[in-house]
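From first to last, the protein sequence lines stand for chains A and B.
In terms of the working numbering, the first sequence is residues 1 to 294.
In terms of the working numbering, the second sequence is residues 1 to 375.
These aren't lab readings, by the way, just hints derived from the structure by calculation.
One should not assume that every hint holds.
Stated by the list, open to error - Covered stretches of chain B (in silico footprint by chain A; criterion: 3 or more residues with CB under 8 Å from a CB of chain A, positions within the stretch not fixed):
1) 191-203
2) 210-216
3) 228-235
4) 340-348
Claimed, not checked - If you only want the chain B side, here are some residues facing chain A, beta carbon under 10 Å, derived:
5) L73
6) Y75
7) K79
8) K167
9) N174
10) D206
11) K242
12) G244
13) L249
14) G266
15) N270
16) E295
Glycine included, every Cβ here is placed at the ideal spot set by N, Cα and C.
Letter by letter, the chains look like this.
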Amino acid sequence: MRSRLLLILGQLINGLTQGSIYALIAIGFVIIFGTMNLVTFAHGEVYMIGAFMGYFALSVWHLPWYVALAMGMGVAWILGFFIEKIAFRPLRAAGHMPPLLITIGLSIILKDLAVVFFGAENRPVPSIYGETIKIAGFQLSLLQLLIIGIAGVLIIVLRILIQGTKIGRAMRATAQDHEAAYAMGVNINRVFSISFCLASCLGGAAGVMVGIYYNAVYPVMGDTAGLKGFAACIFGGLTSIPGAILGGMIIGIVENLTVQFIASGYRDIVAFIVLVIVLVIRPQGILGKTIRAV
Amino acid sequence: MDRKKIWVIFLAGLASLPWIGSGAWCADPIYIGVSGPLTGNYAEYGQNWKKAMDLGLGWINAAGGVNGRPIELIYSDSKSDPKESAAVAQKYVTDKRIVTTIGDFTSTACMAAQPIYDRAGLVQLSPTASHPNFAPGSIWSFGIIGTQAGEGPFMANYAVQMLGKKKIAVLYINNDWGIATKDYFVKRAKDMGAEILAIEAFFETDKDFTGVLTKLRGFQPELLYIPSMYNEMALVAKQREKLGWMDVLLMGPGSLYSPKLLEIGGPSVNGLYTSAVFFPKDPHPEVQKFVKGFEEKYKAAPNMFAAIAYDGINLLTDIIRKAGTDRKAIRDELAKTKNFPGVTGKITFTEQRDVVKDYRHLVIKNQEFILFEAK
Numbered sequence: 001m002r003s004r005l006l007l008i009l010g011q012l013i014n015g016l017t018q019g020s021i022y023a024l025i026a027i028g029f030v031i032i033f034g035t036m037n038l039v040t041f042a043h044g045e046v047y048m049i050g051a052f053m054g055y056f057a058l059s060v061w062h063l064p065w066y067v068a069l070a071m072g073m074g075v076a077w078i079l080g081f082f083i084e085k086i087a088f089r090p091l092r093a094a095g096h097m098p099p100l101l102i103t104i105g106l107s108i109i110l111k112d113l114a115v116v117f118f119g120a121e122n123r124p125v126p127s128i129y130g131e132t133i134k135i136a137g138f139q140l141s142l143l144q145l146l147i148i149g150i151a152g153v154l155i156i157v158l159r160i161l162i163q164g165t166k167i168g169r170a171m172r173a174t175a176q177d178h179e180a181a182y183a184m185g186v187n188i189n190r191v192f193s194i195s196f197c198l199a200s201c202l203g204g205a206a207g208v209m210v211g212i213y214y215n216a217v218y219p220v221m222g223d224t225a226g227l228k229g230f231a232a233c234i235f236g237g238l239t240s241i242p243g244a245i246l247g248g249m250i251i252g253i254v255e256n257l258t259v260q261f262i263a264s265g266y267r268d269i270v271a272f273i274v275l276v277i278v279l280v281i282r283p284q285g286i287l288g289k290t291i292r293a294v
Numbered sequence: 001m002d003r004k005k006i007w008v009i010f011l012a013g014l015a016s017l018p019w020i021g022s023g024a025w026c027a028d029p030i031y032i033g034v035s036g037p038l039t040g041n042y043a044e045y046g047q048n049w050k051k052a053m054d055l056g057l058g059w060i061n062a063a064g065g066v067n068g069r070p071i072e073l074i075y076s077d078s079k080s081d082p083k084e085s086a087a088v089a090q091k092y093v094t095d096k097r098i099v100t101t102i103g104d105f106t107s108t109a110c111m112a113a114q115p116i117y118d119r120a121g122l123v124q125l126s127p128t129a130s131h132p133n134f135a136p137g138s139i140w141s142f143g144i145i146g147t148q149a150g151e152g153p154f155m156a157n158y159a160v161q162m163l164g165k166k167k168i169a170v171l172y173i174n175n176d177w178g179i180a181t182k183d184y185f186v187k188r189a190k191d192m193g194a195e196i197l198a199i200e201a202f203f204e205t206d207k208d209f210t211g212v213l214t215k216l217r218g219f220q221p222e223l224l225y226i227p228s229m230y231n232e233m234a235l236v237a238k239q240r241e242k243l244g245w246m247d248v249l250l251m252g253p254g255s256l257y258s259p260k261l262l263e264i265g266g267p268s269v270n271g272l273y274t275s276a277v278f279f280p281k282d283p284h285p286e287v288q289k290f291v292k293g294f295e296e297k298y299k300a301a302p303n304m305f306a307a308i309a310y311d312g313i314n315l316l317t318d319i320i321r322k323a324g325t326d327r328k329a330i331r332d333e334l335a336k337t338k339n340f341p342g343v344t345g346k347i348t349f350t351e352q353r354d355v356v357k358d359y360r361h362l363v364i365k366n367q368e369f370i371l372f373e374a375k
């Protein structure tokens with residue numbers, strides 16, 4: 001009985017680790033949708049580019065993981081800056097569709113560029129923190145703790161940024177009503193740009209962490225991750241950051257419990273079935289409201 | 001009018017150049033089509049084939065080719081994707097220059113292209129397809145690596161009799177090859193008295209094994225048998241380390257015998273058990289000629305995939321020499337092959353156009369493949 005419980009605990013931790021990563025991606029979608037009212041399909045590729053940066057930092061230049069993380073986030077920030085400039089800024093008045101389509105195009109371009117420059121195979125990322133610690137008969141993986149920890153720290157930093165700084169207030173104002181914010185003197189263009197860069201930066205962080213966790217990066221890694229992150233964002237209510245975190249965690253945990261109790265092949269199916277059921281019952285998502293809450 | 005005439009004569013002259021040229025040139029080549037993964041998840045295997053075949057052909061053509069005609073390979077990148085391999089097959093059967101083909105890499109890709117080669121009547125010699133249903137599926141399909149019907153029992157014996165592990169869990173890749181590999185292993189292992197505690201599948205693109213490894217750990221197996229390719233095995237080895245699950249043995253079929261496994265897996269693949277049909281330190285002169293030639297040309301040791309492709313191209317060249325360039329004659333002559341001396345052992349086709357191989361026991365120690373010595 002006890003070993004059964006430990007087994008389930010193990011799967012829960014697997015789920016929390018994966019969930020933290022999905023949460024970071026989902027928060028990115030929430031920030032972009034919350035402030036700009038738009039969706040990007042290139043987020044998965046930003047995540048992938050961040051992951052490759054992390055790969056180069058770790059595998060090729062042999063830098064420590066926190067440097068790799070910072071570099072991944074930096075590259076993603078810069079990439080986000082350019083995506084916002086190309087896809088979103090010129091088309092402010094054009095509504096949802098044109099920017100969306102452009103991001104679909106950018107997604108394909110980035111993926112193919114990655115295949116051309118990096119090759120389509122997996123790039124191996126070295127293992128770090130391979131040790132486990134024993135607590136009451138249960139083996140806890142240090143790496144999993146690290147990942148959950150980093151995600152937690154990033155989320156706390158984000159909250160401080162949004163609640164406690166001037167730019168954070170500007171973002172919240174823009175999210176509530178960007179015309180009113182403009183009327184109050186907020187530089188909307190700058191807010192949009194910074195929001196997009198911030199979201200991309202979190203995506204890049206997620207990418208580096210995935211590379212470290214699974215020891216592999218490859219050009220199409222953004223596909224499933226972007227999809228699941230987006231699903232987590234919707235699950236949580238589209239404009240709620242706590243919702244996105246919850247959504248990510250739930251998807252991660254459901255996936256791993258499915259592997260445990262059903263079979264590995266069903267993990268994605270069950271996660272998405274749960275998503276569909278929740279949305280049918282509660283279309284605004286778990287923590288969604290009509291007024292944006294960031 | 002005059003100007004027009006000059007143009008006509010000029011163009012006619014240009015057009016006739018190839019014919020004038022070829023008389024003085026060497027005789028025109030005999031073409032063999034290659035369908036294999038040059039990019040994608042299996043790229044390393046395809047690149048190994050290419051190196052080995054280029055090496056072999058270099059020697060063949062330097063010695064005059066076949067009756068003075070050089071053999072030339074036409075490569076098409078199928079990524080070992082069944083959609084692509086079918087398209088490549090379509091291309092090859094309609095190209096009249098191609099007299100026979102080598103490829104594809106995975107059993108799934110081969111079987112997807114099989115009906116096309118079968119209908120059009122063109123030999124498909126796969127160096128690596130080991131699914132038992134491949135070769136019997138068409139009189140034009142040939143396999144030279146042996147099937148899981150042979151390797152499965154060998155590995156089961158390795159695990160149960162030689163290593164003495166009776167509690168086994170299986171984690172297999174969910175494609176035609178993986179399923180067949182799993183089935184043959186499980187059947188023989190059970191017959192030998194082993195307990196198969198759990199069988200789980202994963203998909204080709206899966207990267208996360210922490211969930212399924214945690215689940216398998218719950219059954220407390222002594223050995224994990226993992227039909228997969230080097231990418232996934234390296235990830236499994238690393239991720240099981242992360243979970244602290246070091247007291248289980250890892251074993252996989254000969255698909256793992258590749259330097260890439262060592263490169264990607266690093267120290268985490270130490271202690272892994274596998275098999276080989278080709279071992280570079282084999283003292284047989286044909287093997288050594290190949291190994292030394294390969295090392296000289298590419299500054300790297302050849303692996304099983306290079307060796308089997310080398311055998312493939314040598315076998316086909318030999319057949320063309322005997323049977324000529326008619327596609328059907330090549331097929332008929334190929335089917336009669338008996339005891340062809342390959343670097344991966346003697347090649348004799350069964351009624352089903354499969355071969356039965358001799359395997360060696362391998363284990364990874366200090367990040368090197370070595371022969372396993374039973375104590």
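Quiz prompt | Whether chain A covers the region 210-216 of chain B (at least 3 residues having a Cβ closer than 8 Å to its Cβ atoms) | solution = holds (count 5)
Quiz item: Should the hint that E295(B) touches chain A count as held when the rule is a Cβ pair under 10 Å?
Solution: This hint is violated: E295(B) lies away from chain A, its Cβ roughly 24 Å from the closest one there, beyond 10 Å.
Quiz prompt | chain A contact restraint on N270(B) - CB to CB distance below 10 Å | solution = violated (13 Å)
Quiz item: Do the numbers back the hint for N174(B), that is, is its least Cβ distance to chain A under 10 Å?
Solution: Since chain A brings a Cβ to about 6 Å from N174(B), closer than 10 Å, the hint holds.
Exercise. Apply the coverage criterion to the region 340-348 of chain B and chain A: a residue qualifies when its Cβ sits closer than 8 Å to a Cβ of the chain, and three qualifying residues are needed.
Key: Our answer is that it is violated, as 0 residues pass the Cβ test (under 8 Å) against chain A, missing three.
Quiz item: Any CB of chain A closer than 10 Å to the CB of K167(B)?
Solution: With a closest approach of 16 Å, the K167(B) hint is violated.
Exercise. Examine the region 191-203 of chain B: at least three residues should have C-beta closer than 8 Å to a C-beta of chain A.
Key: holds (count 4)
Quiz item: Against chain A, with CB atoms and a cut of 10 Å, does the hint on G244(B) hold up?
Solution: OK, holds: G244(B) within 10 Å of chain A, min 3 Å.
Exercise. Go through the hint on K79(B) and say holds or violated, using the shortest Cβ distance to chain A against 10 Å.
Key: holds (8 Å)
Quiz item: Counting residues of the region 228-235 of chain B that have a beta-carbon nearer than 8 Å to any beta-carbon of chain A, does the count reach 3?
Solution: holds (count 3)
Self-check item: Interface hint outcome for L249(B) [beta carbon to chain A under 10 Å]
Solution: This hint is violated: L249(B) lies away from chain A, its Cβ roughly 19 Å from the closest one there, beyond 10 Å.
Quiz item: Taking the closest Cβ pair, is Y75(B) under 10 Å from chain A?
Solution: violated (17 Å)
Violated hints, in rising order: 4, 5, 6, 8, 13, 15 and 16; the structure is consistent with all others.
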